[in-house]
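Student: These protein sequence lines map, in sequence, to chains G and S. So for the first sequence, UniProt numbering puts the first residue at 1; every next one is plus one. So for the second sequence, UniProt numbering puts the first residue at 1; every next one is plus one.
Just so you know, the hints here were simulated from the structure itself, not pulled from any lab data. The beta carbon of each residue, even a glycine, is placed where N, CA and C say it ideally should be. Check each hint, because a few of them may be wrong.
[To be verified] Simulated restraints on C-beta separations: (1) G:Val10 to S:Asp81: 36 to 42 Å; (2) S:Gly13 to G:Val10: 49 to 55 Å; (3) G:Ala334 to S:Glu175: 32 to 38 Å; (4) S:Ser121 to G:Gly291: 41 to 47 Å; (5) S:Gly13 to G:Ala7: 14 to 20 Å; (6) S:Pro255 to G:Val10: 36 to 42 Å; (7) G:Thr2 to S:Ala179: 52 to 58 Å; (8) S:Ser121 to G:Glu41: 52 to 58 Å; (9) S:Gly13 to G:Asp47: 19 to 25 Å; (10) G:Trp168 to S:His221: 49 to 55 Å; (11) S:Glu175 to G:Gly354: 52 to 58 Å; (12) G:Pro162 to S:Thr157: 25 to 31 Å.
[What the hints assert, rightly or not] Heads up, incomplete: computed chain G residues facing chain S, CB under 7 Å, no partners named: (13) Ala39; (14) Ala42; (15) Arg161; (16) Cys175; (17) Thr287; (18) Arg290.
Here are the chains, one letter per residue:
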Amino acid sequence: MTEQALAGRVRDHVRGFLRDLHEQGLRVPVARQRVFLRAIEAVGPRDATHLYWIGASTLTTSREDLEVYSPTFERWFGELPVRTVPDQELPGEESPAPGGKGDEAPSAAVFGGAAGLAAGSGERESRPVFGPASEDERAVLALLRRELPGAIPAVRSRRRRPGRRGHWIDVARVCRESWRTHGEIVTLRRRHRPRRRRRVLLLIDVSGSMKQHSAGYLRFAHAAVACLDRVEVFTFGTRLTRVTGPLRAREVDVAVGSLSEVVLDAEGGTRIGGALQEFLGNARYVTMARGALVIVLSDGLERGDCEPMRAAVRRLSLLGHRLLWWTPLACDPAYRPVTRGMAAVLGDVDAIAGVRDLRTAYGQVQTLARE
Amino acid sequence: MPADQETLGRRLGEEGYLADEGLLTAVHLAGVLGLPLLLEGEPGVGKTEVANVLARVLGRELIRLQCYEGLDASQALYEWDYPKQLLSLRAAEVEGRGVGDLYREEFLLQRPLLRALRAASGAVLLIDEIDRADSEFEAFLLEFLGDFQITVPELGTIRAQSVPFVVLTSNRTRELHDALKRRCLYHWIPFPDAEREQAILQAQAPGLDARSAARLVAAVHRIRGLALLKRPGIAESASWARGVQALAGEGAGWPEAMRRAAGLLVKHEEDLALVRQHAAEVFGD
Chain G
1 MTEQALAGRV RDHVRGFLRD LHEQGLRVPV ARQRVFLRAI EAVGPRDATH LYWIGASTLT
61 TSREDLEVYS PTFERWFGEL PVRTVPDQEL PGEESPAPGG KGDEAPSAAV FGGAAGLAAG
121 SGERESRPVF GPASEDERAV LALLRRELPG AIPAVRSRRR RPGRRGHWID VARVCRESWR
181 THGEIVTLRR RHRPRRRRRV LLLIDVSGSM KQHSAGYLRF AHAAVACLDR VEVFTFGTRL
241 TRVTGPLRAR EVDVAVGSLS EVVLDAEGGT RIGGALQEFL GNARYVTMAR GALVIVLSDG
301 LERGDCEPMR AAVRRLSLLG HRLLWWTPLA CDPAYRPVTR GMAAVLGDVD AIAGVRDLRT
361 AYGQVQTLAR E
Chain S
1 MPADQETLGR RLGEEGYLAD EGLLTAVHLA GVLGLPLLLE GEPGVGKTEV ANVLARVLGR
61 ELIRLQCYEG LDASQALYEW DYPKQLLSLR AAEVEGRGVG DLYREEFLLQ RPLLRALRAA
121 SGAVLLIDEI DRADSEFEAF LLEFLGDFQI TVPELGTIRA QSVPFVVLTS NRTRELHDAL
181 KRRCLYHWIP FPDAEREQAI LQAQAPGLDA RSAARLVAAV HRIRGLALLK RPGIAESASW
241 ARGVQALAGE GAGWPEAMRR AAGLLVKHEE DLALVRQHAA EVFGD
């Protein structure tokens with residue numbers, strides 16, 4: 001009887017632990033919870049440490065999950081057995097998405113309230129408003145959507161497709177077709193490696209000095225996202241923001257307008273080197289630059305030390321296929337890249353071009369297409 | 001599968017793989033529950049090595065599928081041997097006999113996944129760097145990992161005779177699908193603590209005494225603390241240890257040997273420059 005009572009209490013305890021995990025934001029599907037229970041039954045945990053690791057391998061599916069799992073485990077089963085998450089933040093890890101983590105909820109509830117609201121409204125006032133596109137701009141955008149795909153450099157895909165000419169005989173197809181003619185081969189079918197457009201990476205400067213150009217640049221990015229399949233867009237001022245998702249909205253004004261809620265550092269200061277280093281510090285982002293056509297839209301006016309910017313641009317240029325630097329300053333024929341920042345990166349940039357609005361961007365796209 | 005976790009740990013240790021308790025539990029559970037094991041971690045922490053060593057410990061065949069962009073079913077699963085079919089068709093014609101079924105066993109080319117299912121005494125299947133394959137391939141893996149079966153239209157559904165031990169590795173260059181993760185046990189392999197890394201170095205570089213190993217490990221940990229483009233993994237630190245040992249054997253002083261062999265540890269020019277800048281604090285005592 002007592003044993004039964006004990007078993008019941010253990011069961012309730014485990015159930016409570018699982019429910020608490022859910023409340024803390026680690027949503028474990030029922031199927032995986034069952035795997036956890038089956039695991040306990042199968043191996044019989046020796047001690048809390050063992051139970052901790054059983055839970056870790058069955059209930060979590062990423063390293064971020066551990067950050068919810070560990071404290072919850074500690075609350076329900078006593079002190080944590082080991083150091084679980086490396087103490088230092090790894091380079092190449094995304095910083096946690098706001099609102100994406102359950103364990104942030106309680107702290108937000110504690111510290112939220114009036115202070116949080118005040119901070120929110122303070123920021124809102126200074127937010128940029130990206131106005132609607134003019135008729136002329138819309139016409140250029142339509143042109144861009146049509147011509148941009150042809151301007152992106154291409155490579156041969158790794159995946160072979162049937163085609164009329166090509167190096168490889170498509171043995172599978174030839175044989176299948178020959179069944180119809182009693183094993184007689186009538187025509188040879190071939191496979192080729194089709195051309196595939198390179199990735200495109202746009203890094204857009206939205207700092208104060210670029211204020212009058214930012215909206216045009218973002219519209220250009222919208223056209224790129226609409227007509228290319230592998231493109232990523234980031235904005236930077238004092239920090240780095242990935243805006244590919246918001247730009248996927250179909251209507252250009254809706255997409256660009258929604259960015260004023262996302263790009264919180266617009267029309268502020270510049271920290272080009274820092275922002276690019278942040279980009280390169282994330283392994284997942286680095287993959288986006290690999291072999292890509294990288295276009296930086298910025299005036300390159302870096303404050304303070306230019307060394308981080310130089311190092312970051314050098315690495316970007318090594319990672320990508322080509323690195324283009326589009327700056328409004330170069331629209332002036334008398335422009336020479338002599339500012340400290342631009343002079344430092346000159347050797348690593350493949351081309352510097354003058355782009356101040358959609359028209360000039362379209363001109364550059366045409367140049368790209370001719371190359 | 002060794003009966004319990006201690007035995008498993010000991011057997012892995014005998015093969016030169018020193019796993020911590022977290023990894024041991026995950027591997028043990030994967031064996032007991034018959035679930036695939038998804039390992040993530042920085043490059044060079046020994047993800048792939050787990051499968052290699054497991055194959056030796058379990059006495060099973062290691063079947064490896066290296067993922068890459070554009071990997072598809074005909075390279076991962078099976079393909080029909082078309083030229084052979086054609087030849088047998090012609091031969092049958094010449095000899096004036098019937099051809100029979102063209103889609104039978106003898107014309108089937110087995111690729112890694114199918115081979116793993118059909119291995120009589122089970123196999124260790126390593127699906128390496130799954131993040132390099134495209135997401136279509138992940139979707140394709142779901143049936144395989146969920147039920148350990150594969151459907152070949154011409155032959156019907158093939159089930160595993162004995163469940164293979166599946167190890168998937170990922171370097172996290174992209175996020176994997178939830179559906180895939182749900183079917184696997186998950187373990188993140190961190191960099192080892194100093195004590196364990198010292199033991200690993202001593203196992204990997206025979207003849208290295210404890211004091212030297214401790215000194216090397218301390219240097220490696222200090223280097224990992226610098227803001228590097230790529231932090232050295234265990235594989236790098238082990239080859240560095242062997243390099244330093246070789247140079248020291250030729251008569252070079254220790255800090256000198258450590259400095260000269262640094263190229264084995266750090267593989268970017270910028271990182272090397274950074275390490276050189278901090279040489280005194282990193283390599284000194």
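Student: All the hints need checking, so say for each whether the structure fits it.
Tutor: Status of each hint after checking the structure:
1. G:Val10 to S:Asp81: 36 to 42 Å: Violated, since Val10 (chain G) and Asp81 (chain S) (Cβ atoms, about 57 Å apart) do not stay within the stated range.
2. S:Gly13 to G:Val10: 49 to 55 Å: Distance hint for Gly13 (chain S), Val10 (chain G) is violated at roughly 33 Å.
3. G:Ala334 to S:Glu175: 32 to 38 Å: Violated, at about 47 Å.
4. S:Ser121 to G:Gly291: 41 to 47 Å: holds (43 Å)
5. S:Gly13 to G:Ala7: 14 to 20 Å: violated (36 Å)
6. S:Pro255 to G:Val10: 36 to 42 Å: Hint violated: Cβ distance 56 Å, outside 36 to 42 Å.
7. G:Thr2 to S:Ala179: 52 to 58 Å: violated (44 Å)
8. S:Ser121 to G:Glu41: 52 to 58 Å: At 26 Å between Cβs, range violated.
9. S:Gly13 to G:Asp47: 19 to 25 Å: holds (21 Å)
10. G:Trp168 to S:His221: 49 to 55 Å: holds (50 Å)
11. S:Glu175 to G:Gly354: 52 to 58 Å: With Cβ atoms ~38 Å apart, the hint is violated.
12. G:Pro162 to S:Thr157: 25 to 31 Å: holds (28 Å)
13. Ala39: holds (5 Å)
14. Ala42: holds (5 Å)
15. Arg161: violated (11 Å)
16. Cys175: holds (4 Å)
17. Thr287: With a minimum Cβ separation of about 5 Å from chain S (threshold 7 Å), the hint on Thr287 (chain G) holds.
18. Arg290: violated (9 Å)
Taken one by one, the earlier hints fail for this structure at numbers 1, 2, 3, 5, 6, 7, 8, 11, 15 and 18, listed in ascending order.
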